[in-house]
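S.K.: Residues per chain, in single letters:
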Amino acid sequence: MNEEPLLSVQGLEKHFPVTKGLLKRQVGAVRAVDGISFDVMKGETLGLVGESGCGKTTTGRLITRLIEPTGGTIVFEGNDISHMSQGRLRPLRRDVQMIFQDPYSSLNPRHTVGAIVGAPFRIQGIKTEQGTKKAVQEILELVGLNPEHYNRYPHEFSGGQRQRIGIARTLALKPKLIIADEPVSALDVSIQAQVVNLLEDLQSELDLTYVVIAHDLSVVRHISDRVAVMYLGKIVEIADRKGLYEAPMHPYTNALLSAVPIPDPKRRKERDRIRLQGDVPSPLNPPPACRFHTRCWKAQDICRQVEPPLLTLAPGHQAACHFPENAPSGSAAAAPQEPAAAPAD
Amino acid sequence: MSFLELKDLRIHFPTDDGLVKSVDGLSFSLERGRTLGIVGESGSGKSVTSLGILGLHKGGRARISGEIWLDGEELVGASQEHVRGLRGKKMAMIFQDPLSAMHPFYTVGEQIIEAYRIHNDVSKKVARKHAVDMLGRVGIPQPERRVDSYPHEFSGGMRQRAMIAMALSCDPELLIADEPTTALDVTVQAQILDLMRDLQRDFNAALIVITHDLGVVAELSDDILVMYGGKCVEYGTSEDIFERPEHPYTWGLLGSMPRLDREPTERLLPIKGSPPSLINVPSGCAFHPRCAFEERTAGRAKTEVPELLETEGGHLVRCHLTRERRRAIWENEIKPNLEAS
Chain H
12 MNEEPLLSVQ
22 GLEKHFPVTK
32 GLLKRQVGAV
42 RAVDGISFDV
52 MKGETLGLVG
62 ESGCGKTTTG
72 RLITRLIEPT
82 GGTIVFEGND
92 ISHMSQGRLR
102 PLRRDVQMIF
112 QDPYSSLNPR
122 HTVGAIVGAP
132 FRIQGIKTEQ
142 GTKKAVQEIL
152 ELVGLNPEHY
162 NRYPHEFSGG
172 QRQRIGIART
182 LALKPKLIIA
192 DEPVSALDVS
202 IQAQVVNLLE
212 DLQSELDLTY
222 VVIAHDLSVV
232 RHISDRVAVM
242 YLGKIVEIAD
252 RKGLYEAPMH
262 PYTNALLSAV
272 PIPDPKRRKE
282 RDRIRLQGDV
292 PSPLNPPPAC
302 RFHTRCWKAQ
312 DICRQVEPPL
322 LTLAPGHQAA
332 CHFPENAPSG
342 SAAAAPQEPA
352 AAPAD
Chain E
6 MSFLELKDLR
16 IHFPTDDGLV
26 KSVDGLSFSL
36 ERGRTLGIVG
46 ESGSGKSVTS
56 LGILGLHKGG
66 RARISGEIWL
76 DGEELVGASQ
86 EHVRGLRGKK
96 MAMIFQDPLS
106 AMHPFYTVGE
116 QIIEAYRIHN
126 DVSKKVARKH
136 AVDMLGRVGI
146 PQPERRVDSY
156 PHEFSGGMRQ
166 RAMIAMALSC
176 DPELLIADEP
186 TTALDVTVQA
196 QILDLMRDLQ
206 RDFNAALIVI
216 THDLGVVAEL
226 SDDILVMYGG
236 KCVEYGTSED
246 IFERPEHPYT
256 WGLLGSMPRL
266 DREPTERLLP
276 IKGSPPSLIN
286 VPSGCAFHPR
296 CAFEERTAGR
306 AKTEVPELLE
316 TEGGHLVRCH
326 LTRERRRAIW
336 ENEIKPNLEA
346 S
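For the record, the sequence lines run as chains H and E. Residue numbers for the first sequence follow the numbering used here, so the first one is 12 and each next one is one higher. Residue numbers for the second sequence follow the numbering used here, so the first one is 6 and each next one is one higher.
Bound conformation, chain H alone (with noise of 0.2 Å):
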């Protein structure tokens, strides 16, 4: 596949400035995303997974350019939208759209199902053929909402009703892009379930493009065909969802793994787990070089002077690492190489 990348990120960075004092002097910067690159093809799902603190919501707002980037660019269908401004921004919210985490804060409790997701039309100024009514009950059943509740309040709903309307809101102008920002994580179990078949059944339909924003690395493997990881605001490995979560390359990227509990009594005795001491530094004082040495195993004195560079190491399976695991002989990263320049697929 040779066909341009639906979204394409280059070396995009986000610092926050930290002030002191009554002349707000800058005192420091927060290095939310520092230097991230990476691409998304039409069709497929790309899942961001890290720790809080890792600046994985930054760069869901970056795409969609809720916040504005401080370096780096930001090319979505060929233009470069990193600096563009509000207003030329406008057509393009049609198409890059937003699910958030929380399905209780991100919907206005004084307006109604129907204004709610059809606000976009009205926002946009567009109209359609049977009416705004008409088109908004019909996202409302492609979600799997009766189209009857359309003049009742979110607070009507429940946790998992209330995602779903997020979602038809989300797709009221069939956008091409959909960035979730942890779209499952506040719902049950049983909910959970039902909303990723939902998205997942969305995607097949109506041809959506998504990047989701997830901790839970089991729904991430479960959603995905690309995973990236990161950590303190880079990306340390990024792989197809095989290759990621099967021989995976990056020491963090294996520790997240072992973490995650096994839902299966007998196998918790026999585990050989990595278990990382202590919490994710902070960002306002990443670590030098590489930024995981004070907590990996494997730091040598290397890790604490150059910054590994992201690698391909194996066909689509990137790592950023001087001494990766399960990595085919032969593409000795030991030795700093050229940074590979684009990802291959």
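These are computed hints drawn from the structure, not numbers from a lab. There may be inaccurate statements among the hints.
Claimed, not checked - Stretches of chain E that chain H covers, calculated by requiring three or more beta carbons in the stretch to come under 8 Å of a beta carbon on chain H:
{"id": "1", "region": "168 to 182"}
{"id": "2", "region": "191 to 197"}
{"id": "3", "region": "220 to 233"}
{"id": "4", "region": "257 to 267"}
To be verified - 20 Å max Cα-Cα, derived SDA-like pairs, lysine to any residue:
{"id": "5", "chain 1": "E", "residue 1": "Lys277", "chain 2": "H", "residue 2": "Arg278"}
{"id": "6", "chain 1": "H", "residue 1": "Lys277", "chain 2": "E", "residue 2": "Lys277"}
{"id": "7", "chain 1": "H", "residue 1": "Lys277", "chain 2": "E", "residue 2": "His320"}
{"id": "8", "chain 1": "E", "residue 1": "Lys340", "chain 2": "E", "residue 2": "Phe247"}
{"id": "9", "chain 1": "H", "residue 1": "Lys277", "chain 2": "E", "residue 2": "Phe247"}
{"id": "10", "chain 1": "E", "residue 1": "Lys277", "chain 2": "H", "residue 2": "His122"}
{"id": "11", "chain 1": "H", "residue 1": "Lys253", "chain 2": "E", "residue 2": "Glu268"}
{"id": "12", "chain 1": "H", "residue 1": "Lys253", "chain 2": "E", "residue 2": "Lys277"}
{"id": "13", "chain 1": "E", "residue 1": "Lys277", "chain 2": "H", "residue 2": "Val41"}
{"id": "14", "chain 1": "E", "residue 1": "Lys340", "chain 2": "H", "residue 2": "Asp212"}
{"id": "15", "chain 1": "H", "residue 1": "Lys277", "chain 2": "E", "residue 2": "Lys26"}
{"id": "16", "chain 1": "E", "residue 1": "Lys26", "chain 2": "H", "residue 2": "Leu153"}
Idealized CB from N, CA, C, for every residue including glycine.
Chain H is fixed; fit chain E onto it per the hints.
M.R.: Frame of chain H, contents of chain E only:
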């Protein structure tokens, strides 16, 4: 008699909209050194049960009936003062969100010292030494220094460790952990689960872990109780629940969950609908509107509340389907779908 025994516990809250039956006839027992996992979705009554055991509904609007026996003492009928004396010393709780469960105005040390001195007649100095010991024991680095830190100066994982230290400071015999790792990142969650497992072995306490995460339950529990609509629907050892589950709700929970230890399945198998309101619990079996096998009970599920009956060796199930039928459904219809084709 077991160390902890609940007999037909009912906790109902009268509200303007009707009577909320949060816990409706719950019985179980637990021995020292054992871990019971209580699993359920939001509104299933699992947290209300834990607060009920600790006597934290006393003096409120709750209507409590039934019996709670802790080490030969009945707690439902006991006075508030008496139960307060047991709290902290005999039984203690680890809450989900340590930031809101700890007082932001006092240092972590002061909060542990206060709790310790209520139950033990010792000087401040001795209590402080004890607090430092406890913090060290739960794996907080430099406990002599950190004992004077405020809760906000701790990271999420460290705060949860401090809370565990606080709960363990008076050497309680019953420890209740309500969603102890839900607010934590996965690598930190693994650390805390290890810590809880080690500490329970050292202290030989009875531990109740309340969670919605089947993975966490499988990591810690000896026995598991599945709650739905204020009632226990299935109870058994963790092998019973994960390898021979017999209740359709337990099947639904297992099917809803993507698993890392198995090949990915094409689709998840969710339970239809959403958890019931506890004011209008469905008639008959509370799960029948969401149950995929309801029609096989010939209408009984709609009208008759099923009994919690033993199927084999202490494995209890509340379902109208016969044992043979449930086993056949699990073997032929559920289990094959949980594994990737």
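S.K.: Now, for every hint given, state plainly whether the structure supports it.
M.R.: Against the structure, the hints:
no. : hint                   : result
1   : 168 to 182             : violated (count 0)
2   : 191 to 197             : holds (count 6)
3   : 220 to 233             : holds (count 6)
4   : 257 to 267             : holds (count 10)
5   : E:Lys277 with H:Arg278 : violated (30 Å)
6   : H:Lys277 with E:Lys277 : violated (29 Å)
7   : H:Lys277 with E:His320 : holds (18 Å)
8   : E:Lys340 with E:Phe247 : holds (11 Å)
9   : H:Lys277 with E:Phe247 : holds (9 Å)
10  : E:Lys277 with H:His122 : violated (27 Å)
11  : H:Lys253 with E:Glu268 : holds (10 Å)
12  : H:Lys253 with E:Lys277 : violated (30 Å)
13  : E:Lys277 with H:Val41  : violated (43 Å)
14  : E:Lys340 with H:Asp212 : violated (24 Å)
15  : H:Lys277 with E:Lys26  : violated (36 Å)
16  : E:Lys26 with H:Leu153  : violated (35 Å)
Hint compliance for this structure: hints 1, 5, 6, 10, 12, 13, 14, 15 and 16 are not met, and every other hint is.
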